[in-house]
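> Residue-level listing of the chains:
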Amino acid sequence: MQPIIQIRSITKTYPGVVALKDVSLDILPGELHAICGENGAGKSTLMKILSGVVGSYEGELHVGGKLVQFGGTRAAEEAGISIIHQELNLVEQLSAAANIFLGRELRTSLGFRDDRAMEQAAEHLFRELECNIGAKQPVSELRVGDQQLIEIAKALSLSSEILIMDEPTSALTESEVERLYRVIARLRARGVTILYISHKMDEVFRLSDRITILRDGRTVQTLVTKETNAQQITQLMVGREIAALDLGTERTPGEVVLQVEKLRLPWPGHARQWRLKDISFELRQGEILGIAGLMGAGRTELLECLFGAAHDPVQGTIRLHGKVQQFAHPIEACEAGIAMVTEDRKRLGIFAEMNVGQNISLCQLKEATTAGLVSSQREEAMSQSMLQSLAVKTAGLVARITSLSGGNQQKCIIGRWLLTKPTVLLLDDPTRGVDVGAKAELYRLMDRLCREGLAIIITSSELPELLTVSDRILVLSEGRQTAMFSRAEATEHRILEAATKGYAEAAQAN
Amino acid sequence: MSAPSGRMLAWWPFPLTETAIFLAIVLVYLVTGALDPNHTYFNAWDASAKMILRNAALLGIVALGASVVIIVGGIDLSSGSMIAFSATTCALIMMFFTQPEVQASGRIAMDTGLVTVSGLGIFLAMVGAVLSGLMVGTLHTWMVTSIRLPPFVATLATLVGLRSFARGMCLFLTKQYWGSETEKITVNTPFFGWLRENNVWISSVVFLVLALVTWVILSRTVLGRHIYAIGGNEEAARLSGIRTENVKWFAYCFSGLCSAIAGIFLMADNSTVQPALMAQGFELNAIASAVVGGCSLQGGIGTVLGTALGALFLRVVIDAVAKLIKAGADVYQGMIVGIIVVVAVTSTQFSTISHSSRQFFPGWRGIWAIPTISLAAGMCVMMGSANIQFAKDRLLLVGIIVTLVSLAILSFIKLLESHRAK
Amino acid sequence: MRVSSRRSLLASLLVACALPWFAGCPAATPGAGDPTQSGGTKRIVFLINIPDPYWEANLQGLNEGAKMFDLASAGLSVTQDPGNGTTEGQIEKLRQYATQDDIVGVAISPWDADSPAIVEELQKLQKKGVKVITVDNDVNREKYRDSRSFYLGTDNLIAGQALGTGLNAVLDAKGVKSGNFVQFVGNTESDNARARMDGVKDKIGADFVEVAREADGSDTGRAKDNVRNTLLNHKDIVALVGIWAYNAPAITGVLQETNNTGKIVVGTFDAQELAIEAMAKKEIDVMVVQNPFDMGVQTVRLMKAMIQDDQATIKEMFPKQGEPDGDMYTTGLRIVVPDESSPIKKELYEEGVVEFMTLAQFREWLTKFGLKSS
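As you go down the protein sequences, you meet chains H, C and Z in turn.
Residues 29 to 538 in the numbering used here are what the first sequence spells out, letter by letter.
Residues 79 to 500 in the numbering used here are what the second sequence spells out, letter by letter.
Residues 45 to 418 in the numbering used here are what the third sequence spells out, letter by letter.
So here's chain H without its partners, still in its complex pose (with noise of 0.2 Å):
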């Protein structure tokens, strides 16, 4: 059978990162088939190429037979494939049928907008997909659920003979789950091909007819689905080699330096109340406490509560050295000696205007004032002191920040919190979008910090990496605290297991 997609040796860099290397799979007219990876394996740029969102890269990329090059969201479409982001793309002030036709709104013979056909039109489509919502209704007003069916209905509407799928079930109900499985199962009746996105092995054993695994960035294998099982996958998914690192063996944890209990962070208006509830722990000084959990977990939100940076008033008790510290924004829990590094680097870490000295003495440049007045001698030696310490590859201080690589920019902001000298160091998803050399690099560094005396919080994405540098791990699921590992108990599977517990629970609660 001739592909539909044939994806033949996609390249895509971002400055200091290699996001999709030499990838190549073919997707056959009708399938469905399962993308499978890690965060950061490189799914979403694939998708994001698919879909049009990515107009340059190098490789090759033919639809229906025929070479493309998307130049917008719109080229994809008019080639008959839609997307359904994760993050849906909806205009919540405007009705369930306007969001449907938005940007190639119907009109009457006289050019006026013509609402009622698309009503008429949206309501059929919504028949079809056999959901329950009104095309007048505002999106503001429905669910995630009927959100996403709104955005297959587009894409229905639009006849897509293609629907990229990006794990779609991430924020549904049980229910809803079951019932965009149905949807799906129509889909494919009207032979709609569905690239589907998903690191949930349940969902993607139940649907797919092929799996393709990605992994840092380039395709590991793809395997007919019922002829493989989800050890399998899970193995291929997960199988880099990891250097061999040798770390946190004999480190011997020292006296409580962190207590939390009970800890609560409320979600006005949300129908979980929570967004964290009842966690309780300890961290040692000398220890690195790994937080797992699948996105939207509240790991996060976790290391923000104990930050002083949570939106909304905390709940609950956290004791720093037995004192009970309530912070109200992040100075006082750094005052206090806490320190956090943020996660999404571009977005919340790095100071893109300013050079690599500045971005690192930000937080201590009171330290290097006389009589007011920044001495730019000793916020350069301060700067300096933790290029060497650090290692960061630079060009000097000057440099811009945005010249250096992911690994090294993740140095200068860890770097920017060591000048505090925490007691305490919060790391939220350090390794996001670096190579893995530089990954083995940041391991080396945790395990040598904490050897120093730094008791250390982690969370990742990533499970190996949690698995490697922990000496404890902390499970959350949709808020709660599922499991506590210690360094032995811990495999992947169980940690899995603990992260998706909640859903069953969830689901039985609802």
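Treat the hints as calculated values from the structure; they're not laboratory data.
No false leads were mixed into what you were given.
Below, simulated BS3-like cross-link-like pairs (lysine-lysine); rule was C-alpha separation at most 27 Å, straight line: (1) Lys279/Z with Lys253/C; (2) Lys171/Z with Lys128/C; (3) Lys390/Z with Lys247/Z; (4) Lys86/Z with Lys470/C; (5) Lys416/Z with Lys470/C; (6) Lys253/C with Lys187/Z; (7) Lys128/C with Lys172/Z; (8) Lys86/Z with Lys128/C.
Starting from the known structure of chain H, arrange chains C and Z on it as the hints suggest.
Chains C and Z alone, transformed into the frame defined by chain H:
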């Protein structure tokens, strides 16, 4: 921010933007001096320099405040109204310190010209004006950080609101104190007369001092670094332990303070305070100076030297046109400022545009832009040619030729672009 | 910093390229100047307060004067420079003149009679040897008389009184014995406005109460709003007075839209085109007309005489020089009524001070000089 090394002209020790503006100022001065039939810029260079300095210092003071707010990632649209407000405050406080005037006829009259204000009154009036600037700055901060209004909206409200508030205040208080309401107060104290007489030097010195202070704050203090950090990435700055609200508080207050000081000078300069008409459009020229001087409206980028030179550049060009067009030059002032801003900011993006596949005239939108720009160019040249001897009788012809030539050039660019896009 | 180094270089180059265009003819014809006129033509500048059709007649007067008194052969030229309706704007212009050596005479209609800053700039110009006169509006004569040599223009108090007398006659003929009236103006602080309004108040009659003086900042939109609000806010309005040229159409327009035409007596200053039409339709009962055309002509005559130190002409224009108010030259003042049926009669006015005209006669005069308004 220091300029990164490793690009063209790397050997030049000074920042390139600033150097370029400086060269532009010198160039405009020399060219104008040569073209002007009176050669005023050469023959009366001291008077000309004084003329330019007086305006540039005033604009510069306001632009300094505007640039700090812009660097922190906000915008202050209220400067012009703030100037009117601080001047009104100043004059009204002085009103309370006037003594009844004994006229030649022996009649005792209210001193409505503010001639007999006591020294204490003048001092308190100026303190009051400065305080009014700080209070408005605080109000802006409160609206921006506590009510979470976008800075544009918050300062738009004061842009329209403050001027009207000042007028109301003026009417109300003069009625209470003098018995007859007026919207215009004449300020005729010897002190302000002296200030007016020496305004060029005093306002220039004040401007230089303020610029120095701003420079020290921005590049030598922790606060300054935090200002750049917030403008560059506000959320990251918060997560780095910066109290962003407090830093913004400083920025808006500083802007208010600068406008308030300018208000005192402008009051002395005009010798009258009429809030309805005073300093209209000042805020936009101040923002334009900052932008021409290299500040990015996205925040995080900008220098004191650039802003100061930007203000000087604007004033020099405006003044140069007044030297060349003998009557009615101010008609063209807005046009000139507009063109300078567009050209300056476009040229910052020039390298990015020419290196990427981005087009100047994409699609139908681009095709429509071409005749629009060409017609504008033709019209401008036609207006300007009215004084030129050989073109005077063939105005229409000149206009049509210029329009057609621009049409041809722009169409050629469009063709090149669409060719490259393929 | 992302800023390209080319930015301002490009900007400056563009500006530099544009400058020759601004430079006008002398740049375009270098070296073509007459050697006998080393230094080129000297200029007389007429600085108006705010652009308005009123000043168009003045411009024609200036041009007419330039021909009449042959400025070109005296190496002089005259230009009109528009102000922008602010004190700042005029001060800025005056300073600009001070730096330019080819300016030998400045005639100004000051925006603000009391502004010490304007006065000081005028004094500085005088110190430089530039001849300074005021036209149409004077500076505050009590304090700043010496900041200009002469004043040309209307005696605004007399003008106001003339209008007041006319209004009184119309009200009387209508049988209205008492009531309220409102005066509309751009800027209540302007010297001419004050004098006119005081004049009107003097002569309209003691039983008529001036309930307000509404200022609009020369904004014609607000001028109309002021009239609307007046009709809403005050009771028993019997007369409306327009002090500045554009106030006349503002008043008649609003009266029309509120169906009050003919019910309220209207008196205005300055014959704008629209005002002339309105009077033809009898929407305006009486109009006091200054003569900006004549102001232009006389300005040229006086300035030329001052620059050339032609004492005979100056003596002719100011016979009472040295006496109180001997430095003031009154340009023609006219009172215009719709037609002979108007209750305002020629006899009400002193001969030689105010010229009495019907609309038809006035229009004749306009056509004679190719004017549209006065």
